[in-house]
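Asks: Chains as they are written, first to last, in the numbering used here: chain A, -10 to 316; chain B, -10 to 316; chain C, -10 to 316; chain D, -10 to 316.
I should point out that these hints are in silico values taken from the structure, not numbers from a laboratory.
Hints may be right or wrong, so weigh each one.
[Claimed, not checked] Which residues of chain A face chain D? A few of them, derived with a C-beta cut under 7 Å, are: (1) 73; (2) 79; (3) 80; (4) 83; (5) 98.
[As the list claims (entries may be wrong)] Partial selection, computed: residues in chain C whose CB lies under 10 Å from chain D: (6) 43; (7) 52; (8) 233; (9) 234.
[Claimed, not checked] Covered stretches of chain B (in silico footprint by chain A; criterion: 3 or more residues with CB under 8 Å from a CB of chain A, positions within the stretch not fixed): (10) -1 to 7; (11) 27 to 36; (12) 66 to 80; (13) 186 to 198; (14) 297 to 303.
The structure presented is a predicted model; accordingly, all values stated were derived computationally and were not measured.
The C-beta atom is built at its ideal place from N, Cα and C for all residues, glycine as well.
There are 4 protein chains.
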Amino acid sequence: MTDDQSRLDRSDPTGAIAAAAAEFGNWGRWGDDDVLGTLNFIDAAKRLAAAGLVTRGAAFSLAQSFDGNGPQNGWRRRTNPVHTMLDTGVDAALGNQGFPHGLGGADDVVFMPLQASTQWDGLGHIFDHGRTWNGRPSQDVVTSEGDLRTGIQTTADRFVSRGVLLDAGRVLGTDGELPDGFAITPAQLDEVIDAQGASAEVGRGDIVLVRTGRLTRARREGWGDYAGGASAGLSFTSAGWLHSHEIAAVATDTWGFEVRPNEFDVAFQPLHQVVIPNMGLFIGEMWDLDALADDCASDSRYDFLLTAAPIPFTGAVGAPVNPIALK
Amino acid sequence: MTDDQSRLDRSDPTGAIAAAAAEFGNWGRWGDDDVLGTLNFIDAAKRLAAAGLVTRGAAFSLAQSFDGNGPQNGWRRRTNPVHTMLDTGVDAALGNQGFPHGLGGADDVVFMPLQASTQWDGLGHIFDHGRTWNGRPSQDVVTSEGDLRTGIQTTADRFVSRGVLLDAGRVLGTDGELPDGFAITPAQLDEVIDAQGASAEVGRGDIVLVRTGRLTRARREGWGDYAGGASAGLSFTSAGWLHSHEIAAVATDTWGFEVRPNEFDVAFQPLHQVVIPNMGLFIGEMWDLDALADDCASDSRYDFLLTAAPIPFTGAVGAPVNPIALK
Amino acid sequence: MTDDQSRLDRSDPTGAIAAAAAEFGNWGRWGDDDVLGTLNFIDAAKRLAAAGLVTRGAAFSLAQSFDGNGPQNGWRRRTNPVHTMLDTGVDAALGNQGFPHGLGGADDVVFMPLQASTQWDGLGHIFDHGRTWNGRPSQDVVTSEGDLRTGIQTTADRFVSRGVLLDAGRVLGTDGELPDGFAITPAQLDEVIDAQGASAEVGRGDIVLVRTGRLTRARREGWGDYAGGASAGLSFTSAGWLHSHEIAAVATDTWGFEVRPNEFDVAFQPLHQVVIPNMGLFIGEMWDLDALADDCASDSRYDFLLTAAPIPFTGAVGAPVNPIALK
Amino acid sequence: MTDDQSRLDRSDPTGAIAAAAAEFGNWGRWGDDDVLGTLNFIDAAKRLAAAGLVTRGAAFSLAQSFDGNGPQNGWRRRTNPVHTMLDTGVDAALGNQGFPHGLGGADDVVFMPLQASTQWDGLGHIFDHGRTWNGRPSQDVVTSEGDLRTGIQTTADRFVSRGVLLDAGRVLGTDGELPDGFAITPAQLDEVIDAQGASAEVGRGDIVLVRTGRLTRARREGWGDYAGGASAGLSFTSAGWLHSHEIAAVATDTWGFEVRPNEFDVAFQPLHQVVIPNMGLFIGEMWDLDALADDCASDSRYDFLLTAAPIPFTGAVGAPVNPIALK
């Protein structure tokens, strides 16, 4: 396997995926029963060191909004969240609620795909030829009752580590944005790190946040085909980089993490197929990195304490998260 | 107003609420446009100091599970979350999904009341005689379209501060648990702090976590009427304590935060009516404090960095959260 | 009030609505407690006569499909139905379900706006200056808990009567379809009846189905703005006709029943405002009348037994229905 | 196979099911592509004759209510419907909605299992050793995308026929109700017919409604374990009777149609396994037959025109229905 995009055989995604899986797979690395994959790279020492990065007390939410105005368009039945009220302040004002002593209340419900907005992909989200993380048959792991082994709840206390922002949009793009179809290669990831300086060095257990500027554009121009359409993103050839740096997770400001259209003639999210079931790597999508990126550009500090704990839905293959970067 | 529970007039919750609201209300304290209430007590210095509390890198998730086996029983249409799959590993194994190169995927959706499990109450959750936080008419703030002013998304980056665990169950109870109906008074809160030592001192901007042991019992005995039934909790008389300590938020391991049955002959959550709309205090409910409590008892350190960022549903009056304590 | 569209004052919908409400309103007609409005026109004799119309035993479903490929676009949070499986035949084939003796099963759930597809508007769906059917204050009738008086369940056994198809598309249009913005006037309704002959005469207790051809076009060209966009439909001036014929209900093959854009400079569904709260008339929308219309054109019989019983959701202001015409 | 319940081998449901399937199966009877099963027994002549049964114009809704107060208890994630409002009359009264000329509106949504209340089981609901109706592999028919072949929408215009009420509760029970565990045998079905007289004769294409009185009791005593608990119902030995009479469908006032506990030592709904996938018979459950039964007892007429068209959710394996009996 090479980092060199020019050497990808565009006609053979199956072969490329198999080769990458063989070279960068982690099955068995943490034992047969493992359900945490690359989250194993995070340990107490890592978390302690990450807390030590906090120097100003500045907090940033990296979540997009969760509402009906989101990017989802119904593809594979993914809709935007529908939020409705069970009780309102209007009812309360009219005394319709039956409570004593002037109490009034409001309550609400939501219906949503778990990957409707800012989220972590769980390890049960993607399969490679019917195999899920650690080589388990997908049919044994993710049934209609949910993910019976690697449900997102197993990671409830794990997403706390050093975060590193790689602002590919700013370093490699124009006006802070990469064009659609821009495939970020390993060499370019290194270029971003070099440009950003020492605080952007990436190592074991880090959670790497790659900003492309795709969300910035959607904010300006409207969603368009943000969900599922063309986008900058990581090149298929970045698999080795993601593996060798022993990162715990990676997230982007795009719908699909990897470049789209994908780098094969006929393919669908081939890098997912390598990194989730084979590498055991957690992917975050639809994160909002813009305010954090502005701040990092301003103080030239690209690392921080990142707490990004998903809502631990039992058996979920993905989950909403409101990630907090603390600098 | 007094801390003395014996001086509560059990027949007059309306009067007691009005008196407490007058004494402990914060309307206008942070300007007419404020939507953050006591979260204003948290600033960068507070967050920086909180990060400094991390000495071991030990992380604790304080979330209960989110699934169909929760405590909800349908009261006010609050059900447990219903999680269903849009695609599964079983379909993938059979090649039913139409993806190329051996890719398979699973996706899921959820239907849930936003207060089904571990959550923050937003400031639009409770009203006092038709008024919501800062004196706004509830009918203008929380309509069928949601909370138009104090929606939980306004707090997306705010719940990062020093957390302090007050393990009332351990200090005041038997085998770590308080009996139902036990009303924790201000004097008892102070007793817990004294027993726990200096790391349990409470001050401005802290997020206070009060453990009663109610969840511990539910875990052992089954949910029973955990949702809405009798429980230990904060006494109505604690309003002044919550106010004078200038805390940013308070959370408990119970369904309803305050003691139940309430301390009046006919009442429903009267302390909520004081602290949410009048004081602007954020309340967390159904938190799982047990593992953290064991750890704190073990190392005698009761404060920590707490990151408890709710999923920022636009217009929500409450939201699920996976709080992370980092020691 | 006149049938004459040219005499509508386009600048004064409020005045026109008030005049029509005064002239065609039915408040009190069936007593102060009435919840059925024009459904009162249907009695046992009417149903018996309707059954007598069946001469061939030909049945037609007048429902559109209920699925994610429908016309809804999120306006006022109306989405298309989302249907998900709780168990599948794929799980069953793999023996994942835990049942004895080779039993397997599939189950499903749906999330849907009640007016997502073919539906009846209930009497609680539309208000006129805060008044609902029979003059009741809307705030007393339809709260966050639903319609407490005229919930659709009160009509569970009522929608059985003589149905009459008025194929305005065929009689008045080109190739069976009316153009967008075509307002069907009373004179044109009579023209359709005259053209169709005696079986199309309309009288007391009938359920009148008006076909515009709008759905036919959507089927051919795609939904476009079927939901909420321009369309043929009943003219505001048809209120008197709907009233004087003492029909029980009216339904169309369009999203909104009345012509769009509406016939005033600034207006939104003004005919609804007259007929639902004031007249007590039930409106059906998004019906599929095409197969029935073909049959009626073929045998020149335009009346039939219509059974159109909504799913009786308690407190609903509208409900899905699969109407059956039996000729 | 015999009607004789005493000859059932309680230890061998698998064998009994296989024998019944072999004797009473209908695979191929209506061609390899058939998706309608026993609904094929209904033709135009049958519908015409059924319409001729209407002599009084009396209509009966046979639906239970659809709301949060239903019998569901979460088994297999089946909850009661949750109905919430998107807009209310309270908002409208306060002018919060943004409509012109005094228009106000209310809208609503529902989340529900399709078998939460009165429903038809579709042919994709139950499998026999991984086979669904007509011998198709269940994994090819019912995937996470729903029932791709026998979805309930294929029956949209089919449930119109002669209905016959067999009031087993009244004829065989005490005070109109059968005790839990009462297995209605073929001989007893005939006994009911004999007692009720000629209008209760059952023949080809009929939809047979069997009343046990179970719902009557639930209405009096509360739901208890109506959903999934003990109940009167059809005996496993009735399979031959259901087959030989060539009925189109059968429905009961119980949760599960067949007697519970089932008539084997270890079993779950064995009669379902025979009649749905093998016989192609449609089963209705949780129907409310009480008002109709009173009427039939009163006029001694047990047959009627039955229109019971399910909401045609695409790909559904069951669907809500509001059945209308017209006498």
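Asks: All hints, please: hold or fail.
Replies: Comparing the hints with the structure gives:
1. 73: 4 Å, holds
2. 79: 5 Å, holds
3. 80: Residue 80/A check passes; min Cβ-Cβ to chain D is 5 Å, inside 7 Å.
4. 83: With a closest approach of 6 Å, the residue 83/A hint holds.
5. 98: 6 Å, holds
6. 43: 4 Å, holds
7. 52: Holds - the Cβ of residue 52/C comes within 10 Å of chain D, reaching about 5 Å at its closest.
8. 233: 24 Å, violated
9. 234: 21 Å, violated
10. -1 to 7: holds (count 3)
11. 27 to 36: holds (count 5)
12. 66 to 80: Since three or more residues must qualify, the claim that chain A covers the segment 66 to 80 of chain B holds, with 11 doing so at under 8 Å.
13. 186 to 198: Coverage by chain A is violated here, the residue count being 0 at a Cβ distance below 8 Å.
14. 297 to 303: holds (count 6)
In this structure, the earlier hints numbered 8, 9 and 13 are contradicted, and the remaining ones agree with it.
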